[in-house]
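J.: Produce the entire structure from the sequences given, and follow the hints as far as they go.
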Amino acid sequence: MATMNMVRAINSALDVMLARDPDVLIFGEDVGYFGGVFRATDGLAEKHGLTRCFDAPISEGGIVATAIGMGAYGLRPVVEIQFADYILPAYDQLVSEAARLRYRSGGEFWSPITVRSPYGGGIFGGQTHSSSPEAIFAHVSGLKTVIPSNPFDAKGLLIAAIEDDDPVIFLEPKRIYNGPFDGRFDRPVGTWAQHPASEVPDGHYTVPLGKAATVRAGAAVTVLAYGTMVHVALSAVEESGIDAEVIDLRSIVPLDLDAILHSVRRTRRCVVVHEASRFAGFGGELSSLVQERCFYHLEAPIERVAGWDTPYPHAFERDYFVGPARIIAAMQRTLKG
Amino acid sequence: MSNRPRLTLHVPVPKVRPGDRPDFSHVAVPAADAMRRPDVLDAEPGLRDMPYGLIRVLDEGGRAVGAWNPRLDPALLRRGLRAMVLTRAFDTRMFQAHRQGKTSFFMTSTGEEALGAATSMVLGREDMCFPTYRIVSYLMARDYPLLDMVNQIYSNAADPLKGRQLPILYSAREYGFYSLSGNVGSRFGHAVGWAMASAYKGDDRIAISFIGEGTTAEGDFHEALTFASVYRAPVILCITNNQWAISSFQGIAGGEETTFAARAIGYGLPGLRVDGNDFLAVHAATQWAAERARSNGGATLIEFVTYRAAGHSTSDDPGRYRPADEAAHWPLGDPVLRLKAHLVACGEWSEQQHEALESECREAVRAAAKQGEAVGTLGQSKPDTREMFEDVYKQPDWRIVEQRRELGC
Numbered sequence: 000m001a002t003m004n005m006v007r008a009i010n011s012a013l014d015v016m017l018a019r020d021p022d023v024l025i026f027g028e029d030v031g032y033f034g035g036v037f038r039a040t041d042g043l044a045e046k047h048g049l050t051r052c053f054d055a056p057i058s059e060g061g062i063v064a065t066a067i068g069m070g071a072y073g074l075r076p077v078v079e080i081q082f083a084d085y086i087l088p089a090y091d092q093l094v095s096e097a098a099r100l101r102y103r104s105g106g107e108f109w110s111p112i113t114v115r116s117p118y119g120g121g122i123f124g125g126q127t128h129s130s131s132p133e134a135i136f137a138h139v140s141g142l143k144t145v146i147p148s149n150p151f152d153a154k155g156l157l158i159a160a161i162e163d164d165d166p167v168i169f170l171e172p173k174r175i176y177n178g179p180f181d182g183r184f185d186r187p188v189g190t191w192a193q194h195p196a197s198e199v200p201d202g203h204y205t206v207p208l209g210k211a212a213t214v215r216a217g218a219a220v221t222v223l224a225y226g227t228m229v230h231v232a233l234s235a236v237e238e239s240g241i242d243a244e245v246i247d248l249r250s251i252v253p254l255d256l257d258a259i260l261h262s263v264r265r266t267r268r269c270v271v272v273h274e275a276s277r278f279a280g281f282g283g284e285l286s287s288l289v290q291e292r293c294f295y296h297l298e299a300p301i302e303r304v305a306g307w308d309t310p311y312p313h314a315f316e317r318d319y320f321v322g323p324a325r326i327i328a329a330m331q332r333t334l335k336g
Numbered sequence: 000m001s002n003r004p005r006l007t008l009h010v011p012v013p014k015v016r017p018g019d020r021p022d023f024s025h026v027a028v029p030a031a032d033a034m035r036r037p038d039v040l041d042a043e044p045g046l047r048d049m050p051y052g053l054i055r056v057l058d059e060g061g062r063a064v065g066a067w068n069p070r071l072d073p074a075l076l077r078r079g080l081r082a083m084v085l086t087r088a089f090d091t092r093m094f095q096a097h098r099q100g101k102t103s104f105f106m107t108s109t110g111e112e113a114l115g116a117a118t119s120m121v122l123g124r125e126d127m128c129f130p131t132y133r134i135v136s137y138l139m140a141r142d143y144p145l146l147d148m149v150n151q152i153y154s155n156a157a158d159p160l161k162g163r164q165l166p167i168l169y170s171a172r173e174y175g176f177y178s179l180s181g182n183v184g185s186r187f188g189h190a191v192g193w194a195m196a197s198a199y200k201g202d203d204r205i206a207i208s209f210i211g212e213g214t215t216a217e218g219d220f221h222e223a224l225t226f227a228s229v230y231r232a233p234v235i236l237c238i239t240n241n242q243w244a245i246s247s248f249q250g251i252a253g254g255e256e257t258t259f260a261a262r263a264i265g266y267g268l269p270g271l272r273v274d275g276n277d278f279l280a281v282h283a284a285t286q287w288a289a290e291r292a293r294s295n296g297g298a299t300l301i302e303f304v305t306y307r308a309a310g311h312s313t314s315d316d317p318g319r320y321r322p323a324d325e326a327a328h329w330p331l332g333d334p335v336l337r338l339k340a341h342l343v344a345c346g347e348w349s350e351q352q353h354e355a356l357e358s359e360c361r362e363a364v365r366a367a368a369k370q371g372e373a374v375g376t377l378g379q380s381k382p383d384t385r386e387m388f389e390d391v392y393k394q395p396d397w398r399i400v401e402q403r404r405e406l407g408c
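Chains as they are written, first to last, in numbering that gives the first Met the number 0: chain F, 0 to 336; chain V, 0 to 408.
These are computed hints drawn from the structure, not numbers from a lab. Ideal placement from N, C-alpha and C gives every residue a C-beta, glycine not left out. It is possible that part of the hints are untrue.
[Unchecked claim] Straight line, CA to CA, 25 Å or less: simulated DSS-like cross-link-like pairs of lysine-lysine:
1) V:K200 x F:K46
2) V:K369 x V:K381
3) V:K393 x V:K381
4) V:K381 x F:K210
[Claimed, not checked] If you only want the chain V side, here are some residues facing chain F, beta carbon under 10 Å, derived:
5) F129
6) F187
7) K200
8) H221
9) T384
10) E386
T.: What follows is the structure in structure tokens.
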């Protein structure tokens, strides 16, 4: 057991899997000698060897295509796309190939690849280093999409993703790599050391894909969140004094529907939160599922709190990024309903 | 304004269109023994003349000549001929089946049969082919069951791909034949990754992949070449330049000013340009590249110059965009007739034997088609509807389970 921030926890997951399974290998832009722009692969090439963790050309489509070929051979490649904003050149490979290979080949070939990518805002990264593209992966049958919110989950989910025989998009909320962020840009940033989820076992363990975590139990309203927004939601609950239940979805595909329904049927109110822009975002799916299955339990309309429907802005980041105030307002609206 | 003439936009157009006389004067056909055969481990800088020549073995008299003559056993040549004749018989029958409403779609390999047949005989079962939809002769050369193909084309209850794929987009892992897709080009990089995996594991398996000349314009092609070059992947990357991408002539893909094989030079890869209708040349060039790959010499790009003698698919009429009799004027001839002529010239084949072979292949195809039709043609028979919901994931999640239940299967 050690105290780890999220980058260390991810590094530890990769380290454990490289040591454990000779068929695991890592490649991506700058991930080799340098250890990745966020240091997630720091030291792995040196420790495990050049062919286990190496640099790739700046070619996201090529990275994912070769990973799929390796997966078909029997390896378990873990590739890094340096920023989720740059994953789009690989989208065809993910949608047309990785997601469908098992299906279209009648189960002859499959794609046990993991695509890691730092995503989300809050770092003043502008349009090209801040976006949250999870909905475009959730929409694709055959892909799994995982988003951890803390070091313990990050390691356990990443190991589960690598061991999974289906393609997994593993989106890492980079704003909370080094410490939880509650959406308050005006306050000093905390570190993971003060957070219980920074206690991370050194060895192998998994957090199963498709199991949500109730990070705060409550009775007044259910808040559904993932990634950085889990911490923003907890902060909103603390500040407002509302007895909300906060559920960290951890993976959006597979989705832990039972956990959602169980909570909303009890609280009778629901707020859905994500960083990504609102229209046709994953919150729309969550909202529909809750409406379809909890309608007669609901006391108020479901609220969605999300990024505005603009490209991710630079100077206006604090106006764009979902903070506690908007979540508090949404919870209060459901309580009046 | 300067005195220079105004800028003009160049849009390539083929020399001839429907109603014109076919004109292949731009296709230079050097003598069969014109090309040198470098050592398989020669460094790339010494190979830069190769992409601009044309490797040929069969001369006008059907004799095998020159440095590239692979000196193959006649029995092997007869097997190659059978794979090609079988492919043509299959294509003829199944094209008809489409016209009779027995399936939704079909594509033939007419004129390109040497490519799959010869490469298939160079690579082993442990190797992997990442095909295009016109490389079906690769499977024919490996005695893949015709009935499985027919059932796949009819998407019937015995379809090995369980009704999920468009006709002819086969997958045959046991035969070293990777899952096809209608997205042209998107498996080219898979071949490189697969080959990298073999090298990573220290195995001796190699990959071969095909892409049309039209699809070389996709990023997939250039990404694959980059990775193949950077990591010296043991892979043979093949361009089938059949002159036509549906209705677009090869100039639209960038073939007007240079050859497709010459794309290799910018990547530091050997580029071979090969008469794709010459079974012996295809075999010899593939053998060269395979030997180089297995010897840790890395990837080779091969352009097979051929001609798509039929339409793109059952959905287009080539008479709308090229002269109807163009195929008959193709200067590299017909791959089946050329191999046949060679075997006859060697005293290893006769007209009677050829007729018997054609008849035997027609009969084999007829029998398989009948058997497949007994199971059912498209719409008459289909796999269990449950199969629609299988293999989306290794284990279905609640959505799949609920939706399967909703449909009542």
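J.: Go through the hint on T384 (chain V) and say holds or violated, using the shortest Cβ distance to chain F against 10 Å.
T.: Since chain F brings no Cβ nearer than about 15 Å to T384 (chain V), farther than 10 Å, the hint is violated.
J.: Go through the hint on K200 (chain V) and say holds or violated, using the shortest Cβ distance to chain F against 10 Å.
T.: holds, 8 Å
J.: Taking the least C-beta to C-beta distance, is F129 (chain V) closer than 10 Å to chain F?
T.: Since the shortest Cβ distance to chain F is 8 Å, the answer is holds.
J.: Against chain F, run the beta carbon of F187 (chain V) and see if the smallest gap drops under 10 Å.
T.: Constraint on F187 (chain V) satisfied, holds at 8 Å.
J.: Just to be careful, I want the Cα atoms of K393 (chain V) and K381 (chain V) compared with a cutoff of 25 Å; is the pair within it?
T.: holds, 22 Å
J.: Does K46 (chain F) lie within 25 Å of K200 (chain V) when you go C-alpha to C-alpha?
T.: holds, 18 Å
J.: Quick one, is the E386 (chain V) hint okay against chain F at 10 Å, beta carbons?
T.: holds, 9 Å
J.: When you check the alpha-carbon spacing of K381 (chain V) and K210 (chain F), does it fall within 25 Å?
T.: Between K381 (chain V) and K210 (chain F) the Cα gap is close to 36 Å, so the pair fails against 25 Å, i.e. violated.
J.: Would the pair K369 (chain V) and K381 (chain V) pass a check requiring their Cα atoms to be no farther apart than 25 Å?
T.: holds, 16 Å
J.: Is the shortest C-beta separation between H221 (chain V) and chain F less than 10 Å?
T.: Cβ of H221 (chain V) sits 8 Å from chain F, so the hint holds.
Hint check: violations occur at hints 4 and 9; the rest are consistent with the structure.
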